[in-house]
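Visitor: Chains A and B, in that order, are what the protein sequence lines are. The UniProt record's numbering applies: residue 1 is where the first sequence begins, and numbers increase by one. The UniProt record's numbering applies: residue 1 is where the second sequence begins, and numbers increase by one.
Simulated from the structure, these hints should not be mistaken for lab results. Incorrect hints may have been included.
What the hints assert, rightly or not - Here are some, though not all, of the chain A residues that point toward chain B, as calculated from beta-carbon distances under 10 Å:
(1) Gln96
(2) Gln185
(3) Ser188
(4) Thr256
(5) Met370
(6) Ile373
(7) Asn374
(8) Ala393
(9) Asn398
(10) Leu403
To be verified - In silico lysine-lysine, DSS-like type, Cα no more than 30 Å apart, as pairs:
(11) Lys49/A <-> Lys111/A
(12) Lys287/B <-> Lys230/B
(13) Lys343/A <-> Lys367/A
(14) Lys287/B <-> Lys73/B
(15) Lys422/A <-> Lys111/A
(16) Lys218/A <-> Lys111/A
(17) Lys45/B <-> Lys218/A
(18) Lys155/A <-> Lys372/A
(19) Lys45/B <-> Lys219/A
(20) Lys304/A <-> Lys334/A
(21) Lys324/A <-> Lys343/A
(22) Lys343/A <-> Lys114/A
(23) Lys242/A <-> Lys49/A
(24) Lys372/A <-> Lys178/A
(25) Lys73/B <-> Lys247/A
(26) Lys324/A <-> Lys45/B
(27) Lys214/B <-> Lys195/B
(28) Lys367/A <-> Lys218/A
(29) Lys155/A <-> Lys367/A
(30) Lys334/A <-> Lys324/A
(31) Lys98/B <-> Lys203/B
(32) Lys354/A <-> Lys49/A
(33) Lys354/A <-> Lys343/A
(34) Lys45/B <-> Lys417/A
(35) Lys114/A <-> Lys287/B
(36) Lys125/B <-> Lys242/A
(37) Lys372/A <-> Lys156/A
(38) Lys45/B <-> Lys422/A
(39) Lys111/A <-> Lys45/B
(40) Lys125/B <-> Lys247/A
From the three backbone atoms N, C-alpha and C, an ideal C-beta is built for every residue, glycine too.
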Amino acid sequence: MNRIGMILLGMLMVFLVVGCSSEESANSEDGTRTIDFLTEDRPDQGESKILLDLDEEIPETELETETIEHANIMQQISLLSASNDLPELFKYESAQLEELIDNGQVINMEKTFKDLGIYDELTPGAVDLLTQLSGDRGLYALPVELNIEGFWYNKKMFEENNLEVPTTWEEMMEVSAKLSEAGIQPFSVAGKEKWPITRFLNGYVIRYYGPDVMERVKKGELSVTDEGFVEGAQLVQEMNEKGYFGKGTNTIDADTALDIFLQGEAAMYYSGSWDLANFNNPERNQIGLENVGMFNIPLVEGGKGTLDDWSMNAGLTLSASAEKYDEQMGEWMKQIFSEYGDKAMEEGIITGFKASEIPDDISQLTKETMDKINSVENAALWFEARMDAESKALAEDNAQLLLTGQMSPEEYLEALKSQLEK
Amino acid sequence: MKEVLGDRKAILLFMLPALLIYIVILLVPIVWSSVYTFYEGSLIKGFSFVGIQNYIQLFNDSNFFSSLWITLKFTLIVTTGQVFLGLMLSLLYVFYIKRASFLIRTLVFFPVVLPTVAIAQLFAKLFEIAPNYGLVNSVLTAFHLETWVQAWLGQPETAFWILCIMEIWKAMGFYAVILYAGLMDVPEDVLEAAKIDGAKGWKMTQFIILPLIKPILISAIIFSLSGTLKVFEQVVALTGGGPGKSTTTLSVYMYQHAFTNGNYGYGSTVALFLLFMTLVVTLIVYKVSWKDQT
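Chain A on its own, in the form it takes in the complex (with noise of 0.2 Å):
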């Protein structure tokens, strides 16, 4: 019993050995520091690309972007912070952020970029917003990019129809009305990712009630059975009734939606200005980038929203580790973040970094979009924006059945109220 008993004592060691050493290996070997980044874009795209082009410029580093799936990026950082070995950078959903923030575990960018000297970076537009989404904790992630929210449109479409550009809720009905009968699809939706449906409802409320009402909701001023969720659920699934979706919207992904719009199978499409990159792309644009057009969301009779008001979002943002941030990290900060937004401007990508020219090159389309990010006086967030993760599944999930008619709309606000409730 007693040799069993070493062997299992052994085996333990041998275990505990294997455990610890992992924790070791991290920095500097041959003098470069290596600085670690995870995120869902691959090298070659986005924010990956800039920094990893702007790293090459400082000999002293190295920076290692590791690629995942968007959908897993908020699972790998919370075990990756239990086990308190957060890379040095990492994107993550701004909205989230809070327990990290409440741990101590991300710096503060407000302090940090005033300290090092860059805060005159960031603008202030972008700052509000990643403010707002910290619960206003402050500002503890970057806007590596920066987005207005609308609805796309074919220029030529709309022409050939004679239709203008609505800019009421009312309007837009009859926009689809009529491109109905003319047998063109008025909206390219993404169902299956369930988000862009519960975006019109969102447009709907936020010119009822004003940009700030998702707030004023979790705030309890407002609930989502009141009057404007209501009608604003009802004109949802009216819309899809109606035929202004296309058919069997719960089936198309993202990708398809987008296609369905650039390849000249539907007038309009809401999405955002990340997907300028796409209706530059003469290859996958094949309405022509001319033809591509973009407006606010409609507004409601007697709402309380303006124009002026854009929906936006910062789509994944960017974080730093607190336990790995030093004076070198700080250093390669300062050089990276002070020439991030003329970089990222080169490479057609807006951002919450001032751009001190911009470029010729540029298209057109994505300088009217930057003047309209420019002209936003106040940012609506998105629906799901201030919902924790189990309201947010559920709005997303009925909203599928809100369409299909499974769920009246009544039902639908019904269960996301109870669920807010609790």
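With chain A fixed as given, assemble chain B onto it according to the hints.
Guide: Frame of chain A, contents of chain B only:
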């Protein structure tokens, strides 16, 4: 040799590695996750003890019961389908196609080795409605049955059935091969004797063949049950649990809570229930099969 194997210490020593691996890989995680069922919180926030609150929530959660119902319905339909069609196929191989069955067996078995994601893509295309009609909707149009054209995967009732069909189609070849092996063992002379006595067709199957391959049939049912009760990747790849929650099975529901929402406590509670359910079902099947084994 006998001395060595008769020594208790030696037996323990030989068993130790396997036992340790079993404990570390299987028992520890199960115990660990059942401890989580008494906690609430996430990896970032930290965990706090909440007693049996997760269990109370479980039994008041209508979504849990709906996914339980979906799982049971799915299991019943798919296990019946897989084993029954597998049996029919194996009978076909042995009694009708006979020697030439090799090619057919390979073809029917083919989906078993395909990755689930590929099969889900195939079915998604087959039942597609937009931007282009898939095969099913095209065929319906060709036969002037336009009223039947629909978003098969976009509405709750049809999406569930397509999931069932996909899973049956995917695995029936596997059960056909297992049962085929069982049928090969049925002695030729028994069949001959039965034939002389006038047994034919279904009578022959019912009274001669089925009793003879019963052990294999029961293994097939257990395989199928444990596979379908835990069904996960098929759902994720084909429908993602939607539309709404219409194809959200228990394991998908568990995953959504534990990993998507980061609620490990509640997720573990659902997982524990699933484990318990699988255990009970397997035990029942074992019991039933042992009782008759005289």
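Visitor: Could you run down the list of hints and mark each one as holding or not?
Guide: Here is what the structure says about each hint:
1. At a threshold of 10 Å, the smallest CB-CB gap from Gln96/A to chain B is about 9 Å, leaving the interface hint in force.
2. Annotation: Gln185/A was flagged as interfacial toward chain B, and the flag holds, the nearest CB pair being 9 Å apart, inside 10 Å.
3. About 9 Å separates the beta-carbon of Ser188/A from the nearest beta-carbon of chain B, less than 10 Å, and the hint is met.
4. With a cut of 10 Å, the hint placing Thr256/A at the interface with chain B holds, because the nearest CB-to-CB distance is about 6 Å.
5. A hinted interface residue such as Met370/A counts as satisfied when its beta carbon comes closer than 10 Å to some beta carbon of chain B; here the least separation is about 31 Å, so the hint is violated.
6. Proximity of Ile373/A to chain B is violated relative to the hint, the smallest CB-CB distance being about 31 Å (cut-off 10 Å).
7. Because the closest C-beta pair between Asn374/A and chain B is about 36 Å apart, greater than 10 Å, the hint is violated.
8. Residue-level restraint check for Ala393/A holds (minimum Cβ-Cβ distance to chain B is 7 Å; threshold 10 Å).
9. Because the smallest distance between the Cβ of Asn398/A and any Cβ of chain B comes to about 6 Å, under 10 Å, the interface hint for this residue holds.
10. This hint holds: Leu403/A has a C-beta 8 Å from the nearest C-beta of chain B, less than the 10 Å allowed.
11. Between the alpha carbons of Lys49/A and Lys111/A the distance comes to roughly 26 Å, so the proposed pair stays at or under 30 Å and holds.
12. Using a Cα cut-off of 30 Å, the hinted pair Lys287/B and Lys230/B holds, with the two alpha carbons roughly 21 Å apart.
13. A hinted pair counts as satisfied when its Cα atoms are at most 30 Å apart, and Lys343/A with Lys367/A qualifies at roughly 16 Å.
14. Under the criterion of a C-alpha separation no larger than 30 Å, the hint pairing Lys287/B with Lys73/B is consistent with the structure, at around 22 Å.
15. Only pairs whose Cα atoms come within 30 Å are accepted, and Lys422/A paired with Lys111/A is rejected, the gap being roughly 36 Å.
16. Between Lys218/A and Lys111/A the CA atoms are separated by roughly 28 Å; this keeps the pair inside 30 Å, and the hint holds.
17. Between the alpha carbons of Lys45/B and Lys218/A the distance comes to roughly 21 Å, so the proposed pair stays at or under 30 Å and holds.
18. Distance hint between Lys155/A and Lys372/A is fulfilled; the C-alpha atoms sit about 18 Å from each other, no more than 30 Å.
19. Under the criterion of a C-alpha separation no larger than 30 Å, the hint pairing Lys45/B with Lys219/A is consistent with the structure, at around 22 Å.
20. For the suggested pair Lys304/A and Lys334/A, the alpha carbons sit about 42 Å apart, so the restraint of at most 30 Å is broken.
21. Among the hinted pairs, Lys324/A with Lys343/A is consistent with the structure: their alpha-carbon atoms are about 26 Å apart, no more than 30 Å.
22. Note on Lys343/A and Lys114/A: the hinted pairing holds, with a Cα-Cα distance of about 21 Å set against a maximum of 30 Å.
23. A hinted pair counts as satisfied when its Cα atoms are at most 30 Å apart, and Lys242/A with Lys49/A does not qualify at roughly 44 Å.
24. Between Lys372/A and Lys178/A the CA atoms are separated by roughly 28 Å; this keeps the pair inside 30 Å, and the hint holds.
25. Note on Lys73/B and Lys247/A: the hinted pairing holds, with a Cα-Cα distance of about 28 Å set against a maximum of 30 Å.
26. For a cut-off of 30 Å, the pair hint linking Lys324/A to Lys45/B stands: about 20 Å separates their Cα positions.
27. Using a Cα cut-off of 30 Å, the hinted pair Lys214/B and Lys195/B holds, with the two alpha carbons roughly 20 Å apart.
28. In summary, the hint linking Lys367/A to Lys218/A is not supported, as the alpha carbons are separated by about 35 Å, beyond the 30 Å threshold.
29. Straight-line distance between C-alpha atoms of Lys155/A and Lys367/A comes to about 17 Å, which keeps the hinted pair within the 30 Å bound.
30. About 16 Å separates the Cα atoms of Lys334/A and Lys324/A, which keeps this hinted pair within 30 Å; it holds.
31. With a CA separation close to 20 Å, the supplied pair Lys98/B and Lys203/B stays within the 30 Å bound.
32. Simply put, Lys354/A and Lys49/A have alpha-carbon atoms about 18 Å apart, close enough for the 30 Å limit, and the pair holds.
33. Of the supplied pair hints, the one linking Lys354/A and Lys343/A holds, its CA atoms being roughly 10 Å apart against a limit of 30 Å.
34. The hinted pair formed by Lys45/B and Lys417/A meets the criterion: a straight-line CA distance of about 25 Å does not exceed 30 Å.
35. Under the criterion of a C-alpha separation no larger than 30 Å, the hint pairing Lys114/A with Lys287/B is inconsistent with the structure, at around 72 Å.
36. Restraint check for Lys125/B and Lys242/A: the C-alpha separation of about 25 Å stays at or below 30 Å, so the hint holds.
37. The suggested pairing of Lys372/A with Lys156/A holds, with an alpha-carbon distance near 22 Å, which does not exceed 30 Å.
38. Pair hint Lys45/B plus Lys422/A holds up; C-alpha atoms about 19 Å apart against a cutoff of 30 Å.
39. The hinted pair formed by Lys111/A and Lys45/B meets the criterion: a straight-line CA distance of about 24 Å does not exceed 30 Å.
40. Between Lys125/B and Lys247/A, the direct Cα distance comes to roughly 15 Å. Compliance with the 30 Å bound is thereby established for this hinted pair.
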